Amino acid sequence: MASTRPSAVRENTDDLDSPSAAPAEPELPLSMSTSTLLHPSNLPSTTAQALQHIHETLDPPTQKVTIRFQPLPGAPPPSPKWAAVKVSASQNFESVVSFLRKKLGVKGGNGLFVYVNKVFAPGLDEGVGGLWRCFKIDDELKVSYSMAPAFG
Amino acid sequence: MPAVGQNKDMNDLDAIQQQIWDARIPLEIRLSASESRLYDQSEPYVISFPRLAYLPFLLPRLLNYFSEELIADIETISPEAGYFTFDGVPLKWHFPIGLLYDIYVLSTQDVESHDAERSLTFNGKAIPFRLEVRFSQSSASTQQLHLISPSPTVVQDSFINSVKEADFLRSGTAKPIMSLSAADSKLLWSSTQENDLAVFSRIHAGLLPSNTPWRNIPLRVYLPSTTAGTDVEPEENVTIEAASEQGKNKSTISQPQGQIRVIQSQIPSYLSASTAPTTSQMRLPSSGGGTPQTLGTALHTLLPSLFPSRRTPILAKPLLHGAPVPMNAVLEEVATKACYADGWVNIVVAISG
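Heads up: the sequence lines are chains A and B, in that order. Position 112 of the first sequence, counting from 1, maps to 112 under the UniProt record's numbering, and the rest follow consecutively. Position 130 of the second sequence, counting from 1, maps to 130 under the UniProt record's numbering, and the rest follow consecutively.
No lab work stands behind these hints, which were simulated from the structure alone. These numbers were taken from a predicted model, which means no experiment stands behind them. Please note: incorrect hints may appear among the correct ones.
What the hints assert, rightly or not - Heads up, simulated BS3-like pairs for lysine-lysine below, C-alpha to C-alpha not over 30 Å straight-line: (1) A:118 / B:186; (2) B:175 / A:136; (3) A:142 / B:186; (4) B:175 / A:142; (5) A:118 / A:142; (6) A:118 / B:317; (7) A:118 / B:337; (8) B:317 / A:142; (9) A:136 / B:337.
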């Protein structure tokens with residue numbers, strides 16, 4: 001099956017993994033007081049270890065998932081170079097949308113509509129890792145795009 | 001909340017659903033001192049609001065309530081410029097109010113009770129839910145939300161997209177929601193806005209797979225945690241290829257900062273020993289063809305280190321709509337009657353102290 005695919009999966013595109021695309025702040029921060037309260041030194045050691053384990057293994061930046069881009073009618077097709085890319089599971093969907101904007105030359109704001117499985121438009125704050133686990137098909141997250149709204 | 005998993009009687013489940021839709025949270029909302037002519041002396045807006053509702057529903061009346069004391073010219077401000085903070089942290093407007101409360105208040109109650117000093121200094125009590133509203137968009141914290149302004153259309157679109165995600169997980173397609181009539185689709189949203197369970201449940205029931213088992217449970221788990229902050233140092237043994245990326249890795253080093261991790265994955269409705277259910281099998285959910293997924297089996301799969309047992313919460317307990325949920329609760333039942341209005345089951349993990 002793999003050989004029939006339109007293009008090989010590219011490793012590590014510069015755009016998606018540049019530091020500017022990576023979230024500098026946690027997506028859903030806790031306040032300072034709550035952060036302190038939940039600091040490992042304030043928790044039973046078993047709990048602290050469990051949380052540390054989760055932090056290290058749940059969607060770490062080093063884990064990559066494959067996204068395949070599919071144009072909807074009227075949209076320009078992806079070049080073979082970025083038809084399928086590997087993206088860090090720790091990024092959020094916003095980085096995927098800005099990647100597409102850059103590749104298609106569409107400025108921020110209007111004019112680009114991005115869907116998963118030709119069904120729904122994920123929130124920009126949704127994690128790529130979680131989207132991939134829930135909605136992958138053949139181990140790829142299928143991301144389609146259009147210059148006009150679709151699937152309303 | 002009564003035990004979800006222990007009685008399959010639909011009347012009990014209906015009673016639970018009624019309780020969830022009736023549940024309200026007292027809110028005390030202040031205008032940010034920096035935006036008020038009265039600085040921190042203004043009277044808060046107080047309201048008891050449904051758990052399942054969304055914060056932007058309140059923006060028009062909040063702008064109206066605070067219009068006299070706003071420093072900015074009221075003519076230049078639209079309600080959708082508003083956003084909320086709790087304890088200095090900006091809140092996502094697309095999370096239902098009850099979920100925000102469970103995440104930011106209830107999830108740390110157990111730990112907090114062990115910290116007498118903090119419970120004295122930090123607002124003291126769990127209710128009311130004390131929020132601050134701002135209408136100035138200049139703050140960097142709004143960018144942190146990664147969201148556009150919550151105009152009524154945007155809020156509705158966000159809700160419908162969330163419904164579609166849930167639909168796709170349950171059915172493997174989005175056929176049920178896509179084939180909903182325009183009128184019913186509108187009613188799904190308006191019944192959420194108006195907290196109208198009778199209308200909601202008729203339309204929601206039509207979205208659920210009826211003659212086939214569900215593919216997956218729309219389950220999201222919210223885990224508050226703080227890391228020690230010493231584990232993200234650049235790796236020592238980098239390969240030549242990875243060496244070029246080392247500079248980038250440095251940008252990921254940050255202060256110890258607590259955050260909410262959102263965990264979601266495919267959670268099959270049944271723990272099938274053999275195969276994923278296919279349509280040809282036509283196995284009815286209640287026919288006992290497989291072992292139903294419980295909250296405990298799902299949490300153990302998603303977070304084995306935090307939920308080492310499938311039956312007993314040891315290090316942390318799962319909360320839903322503000323109440324602990326039994327680990328043996330059957331998830332398909334929970335997702336049928338105890339879901340949020342968009343169809344998702346949003347479990348908040350409360351760390352035990």
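How the hints compare with the structure:
| no. | hint | result |
| --- | --- | --- |
| 1 | A:118 / B:186 | holds (21 Å) |
| 2 | B:175 / A:136 | holds (18 Å) |
| 3 | A:142 / B:186 | holds (28 Å) |
| 4 | B:175 / A:142 | holds (18 Å) |
| 5 | A:118 / A:142 | holds (8 Å) |
| 6 | A:118 / B:317 | violated (36 Å) |
| 7 | A:118 / B:337 | holds (28 Å) |
| 8 | B:317 / A:142 | violated (35 Å) |
| 9 | A:136 / B:337 | holds (27 Å) |
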